[in-house]
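Enquirer: Okay, here's what each chain looks like letter by letter:
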Amino acid sequence: DTEVTQTPKHLVMGMTNKKSLKCEQHMGHRAMYWYKQKAKKPPELMFVYSYEKLSINESVPSRFSPECPNSSLLNLHLHALQPEDSALYLCASSQDFMGADTQYFGPGTRLTVL
Amino acid sequence: GQQLNQSPQSMFIQEGEDVSMNCTSSSIFNTWLWYKQDPGEGPVLLIALYKAGELTSNGRLTAQFGITRKDSFLNISASIPSDVGIYFCAGQGHTGNQFYFGTGTSLTVIP
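Line order of the protein sequences matches chains A and B. Counting from 1, position 7 in the first sequence corresponds to residue 30 in the working numbering; the numbering is continuous, with no gaps. Counting from 1, position 87 in the second sequence corresponds to residue 1098 in the working numbering; the numbering is continuous, with no gaps.
By construction, these hints were calculated from the structure, which means they are not laboratory data. What you are looking at is a predicted structure, and each value in this text was computed from that prediction instead of being measured. You may find that some hints are simply not true.
To be verified - Derived DSS-like pairs (lysine-lysine); straight-line CA-CA distance at most 27 Å:
#  : chain 1 : residue 1 : chain 2 : residue 2
1  : B       : K1081     : B       : K1062
2  : B       : K1047     : A       : K64
3  : A       : K59       : B       : K1081
4  : A       : K59       : A       : K76
5  : A       : K63       : A       : K32
6  : A       : K64       : B       : K1081
7  : A       : K45       : A       : K63
8  : A       : K76       : B       : K1081
9  : A       : K61       : A       : K45
10 : A       : K59       : A       : K42
11 : A       : K76       : B       : K1062
12 : A       : K76       : A       : K42
13 : A       : K32       : B       : K1062
14 : A       : K42       : A       : K32
15 : A       : K59       : A       : K41
16 : A       : K42       : A       : K61
17 : A       : K42       : A       : K63
18 : B       : K1062     : A       : K45
19 : A       : K63       : A       : K76
20 : A       : K32       : A       : K45
21 : A       : K63       : B       : K1081
22 : A       : K61       : B       : K1047
23 : A       : K45       : A       : K76
24 : A       : K59       : A       : K32
25 : A       : K76       : A       : K41
26 : B       : K1062     : B       : K1047
27 : B       : K1047     : B       : K1081
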């Protein structure tokens, strides 16, 4: 099983709203990732968690706040977003972070900020 | 971060034709990956390559890890309409933060 699940599938929010994206994997992977993807562009890395600790923050604005409650779950809390933050948000996981392990992606959450 | 150059950027082909695309980098990688992404969905792993010179097939798909470790190729034989999508290569170094996507190849198959 190489499944990564993400909820919700679609999200529309106003600039003053607070919402959260959720990601789950049950493959025993210890590295989890958040990516942002604009149309027809490759995914851009936002955050990496390794063994439930934040390892990489690619200079992401503080209006995006990641959280890793346990080894299977990854959240992305959203607050005071801008319309330009509208994008497909992808979660991925891999066996480990330090090794050359393949990343498996979830289906994504399509976010629209009004 | 680093981006890998993929070509062609887009392809329009007739159903039944074969497709070739490639990915090049100025750096060497330990692993090359090929993903396919349908609109509004996440990338789905097609083929993973772990050794220079390795040639791996997955159904109608064949991918090769270049000898120089700086490039990779993906071929699709006898294309069908469901092959439509964007194909991304990805190169990976020793650590997880050395993971870079290609610029993508958009494939359209005309029935």
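Enquirer: So, for every hint listed, does it hold in this structure?
Expert: Cross-check of the supplied hints:
1. The suggested pairing of B/K1081 with B/K1062 holds, with an alpha-carbon distance near 12 Å, which does not exceed 27 Å.
2. Only pairs whose Cα atoms come within 27 Å are accepted, and B/K1047 paired with A/K64 is accepted, the gap being roughly 13 Å.
3. Using a Cα cut-off of 27 Å, the hinted pair A/K59 and B/K1081 holds, with the two alpha carbons roughly 26 Å apart.
4. Using a Cα cut-off of 27 Å, the hinted pair A/K59 and A/K76 holds, with the two alpha carbons roughly 20 Å apart.
5. With a C-alpha separation of about 19 Å, the suggested pair A/K63 and A/K32 falls inside the 27 Å cut-off, and the hint holds.
6. Under the criterion of a C-alpha separation no larger than 27 Å, the hint pairing A/K64 with B/K1081 is consistent with the structure, at around 21 Å.
7. Pair hint A/K45 plus A/K63 holds up; C-alpha atoms about 24 Å apart against a cutoff of 27 Å.
8. Of the supplied pair hints, the one linking A/K76 and B/K1081 is violated, its CA atoms being roughly 32 Å apart against a limit of 27 Å.
9. The hinted pair formed by A/K61 and A/K45 meets the criterion: a straight-line CA distance of about 19 Å does not exceed 27 Å.
10. For the hint pairing A/K59 with A/K42, the CA-to-CA distance comes to about 16 Å; that is within 27 Å, so the pair holds.
11. Pair hint A/K76 plus B/K1062 does not hold up; C-alpha atoms about 31 Å apart against a cutoff of 27 Å.
12. Of the pairs offered as hints, the one joining A/K76 and A/K42 holds, with about 22 Å between alpha carbons and a cut-off of 27 Å not exceeded.
13. Restraint check for A/K32 and B/K1062: the C-alpha separation of about 36 Å exceeds 27 Å, so the hint is violated.
14. Distance restraint check for A/K42 and A/K32: the Cα-Cα separation of roughly 13 Å lies within the 27 Å cut-off, and the hinted pair is therefore satisfied.
15. Taking the CA atoms of A/K59 and A/K41, the gap is about 18 Å. The hint holds against a cut of 27 Å.
16. Between A/K42 and A/K61, the direct Cα distance comes to roughly 20 Å. Compliance with the 27 Å bound is thereby established for this hinted pair.
17. Between A/K42 and A/K63, the direct Cα distance comes to roughly 25 Å. Compliance with the 27 Å bound is thereby established for this hinted pair.
18. With a C-alpha separation of about 35 Å, the suggested pairing of B/K1062 with A/K45 is violated against the 27 Å cut-off.
19. Straight-line distance between C-alpha atoms of A/K63 and A/K76 comes to about 31 Å, which puts the hinted pair past the 27 Å bound.
20. For the proposed pair A/K32 and A/K45, the alpha carbon gap of about 10 Å is at most 27 Å, so the pair holds.
21. A C-alpha spacing of about 24 Å is found between A/K63 and B/K1081, which places the hinted pair at or below 27 Å, so the restraint holds.
22. Between A/K61 and B/K1047 the alpha-carbon distance is near 16 Å, which keeps this suggested pair within the 27 Å criterion.
23. A hinted pair counts as satisfied when its Cα atoms are at most 27 Å apart, and A/K45 with A/K76 qualifies at roughly 17 Å.
24. Distance restraint check for A/K59 and A/K32: the Cα-Cα separation of roughly 14 Å lies within the 27 Å cut-off, and the hinted pair is therefore satisfied.
25. Straight-line distance between C-alpha atoms of A/K76 and A/K41 comes to about 23 Å, which keeps the hinted pair within the 27 Å bound.
26. The hinted pair formed by B/K1062 and B/K1047 meets the criterion: a straight-line CA distance of about 21 Å does not exceed 27 Å.
27. With a C-alpha separation of about 21 Å, the suggested pairing of B/K1047 with B/K1081 holds against the 27 Å cut-off.
In this structure, the earlier hints numbered 8, 11, 13, 18 and 19 are contradicted, and the remaining ones agree with it.
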